[in-house]
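Colleague: Sequence:
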Amino acid sequence: MTSNQENLYARARQHLVAGVGAAGRFNGSLGHPVYFARGDGAYLWDVDGRRYLDLNCSHGATILGHNHASTRAAIIRALDAGVLAACETESTVALAERIGSFLPCAERVRYLPSGTEVTLVALRLARAATGRSRILRFEGHFHGMHELVHYAPREPLDASRPFALGNPATAGVPREMGDYVCIAPWNDVAAFDAVMAAYGSELAAVILEPVSYNMGCVPAERAFLEHVRLKTASNGTVLIFDEILSGFRTGVDCMQGHYGVTPDLCTLGKAIANGVPIAVLAGKQAFMDELAPTGAVAQSGTYSGHQFGVQAALATLDELQEPGFYRRQEALAAQLYGGLAALLKDHRVVGRVQGLGARFGLYFGVGSEVRNYHDASRRDVQAMHRFVRGCYARGVYFQTIGHAIGHSGFNGACTEGDITWALEQFDAVLGDMRREGVGG
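According to this note's numbering, the sequence shown is numbered sequentially starting from 1.
Keep in mind that the hints were calculated from the coordinates and are not lab data.
All figures in this text were calculated on a predicted structure; none of them were measured in a lab.
Just the calculated beta-carbon pair ranges, DEER-fashion: (1) Gly338 - Gly236: 43 to 53 Å; (2) Ser234 - Gln425: 50 to 60 Å; (3) Glu436 - Glu369: 20 to 30 Å; (4) Trp45 - Glu330: 26 to 36 Å; (5) Arg13 - Gly338: 40 to 50 Å; (6) Ser133 - Asp158: 19 to 29 Å; (7) Ser234 - Ala85: 35 to 45 Å; (8) Ile76 - Glu155: 47 to 57 Å; (9) Asp253 - Leu16: 34 to 44 Å; (10) Glu176 - Arg435: 50 to 60 Å; (11) Asp80 - Ser368: 47 to 57 Å; (12) Arg327 - Ala152: 32 to 42 Å; (13) Ala73 - Arg327: 22 to 32 Å; (14) Gly440 - Glu226: 39 to 49 Å.
Beta carbons: idealized from backbone N, C-alpha and C, even for Gly.
Use the sequences and the hints to build the structure in full.
Modeller: Have a look at this one:
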């Protein structure tokens, strides 16, 4: 690290756990966090003035670009109104109307401060509406770090064990809470049916990422998603699409529009406000009316529907609905993913690129399609770390969290020239890796 980075890291470790305000900001590939001074457009600048093309983009939240004019104007509007927290406004209503106009399941809307909180409330709501206790989640998906859902399988999943109960994925959670959580492999109809056969009468909810970017980029197979929708509906089980990360990647109707499959409830966050904090629970009225004050499911909060997030979300949706926004994203995605795949082949480095919209997964050591967590977990972690370090040295920033699979992407300020330049840096790094015998 350079001197300002080193000095700030030393200061930070005296007061912040591991020198960071959140665990996900410690870069696992670099072995330290990077302290940034500002962002603008497609780029970040660190405290030493080095510029980086940002291919993390706030874990997917910064969809339009850093310091975007519409986001700045939205924040100023909220400031001019008096920094209203715990207040209802016309904008609060307008955003709900807007979401309901394009999101198939959104008959009613409720705002929350974060993705973790919104999935917690969605699961609580499903349990209250059904009178059941168990939930089903899929291996490799991520729905926040709370006690209702943050579990891994107790035993490895394979042909002889198509699903398992949950084992806490963090310290501090009683193991017995995992008895209420079933975990099955993604895109596996037989495993899903096995859970339904064993626990269908007890199953309150199935929660899933329609496209699991938390495994890099692993989309639902359409037939699988349609099967899950059919079976949950016939079983009286609430289907929850967690679109905190997958939302707004292919259109404003999110992945439920992309697939033509409508859940009972869905969660939104990250990209909806270009990085300004807000989360949304949207769903069918029959379920949403179970929330207080019309129903018995407790949910409220001082910062729920904070006007910074509401105003930024309205402004972001205006930009996303501009003609050509998603066509341009698709063109840049094709340039980046196709170019990177070609470079891997040219340098004889084993790897696979999978992307949808402006987010993608890069799997070193994997040469075939990634359909589930088992496939994704075969990646070469050391090759990934070497690639990220090489890109960092050349001014392209990837954020990695320990040995997690992770996901990357570009934002709406990125240009064809930026992608061309990034591919040139990838070319050089992959060449170094080939000469070092890494990833071959």
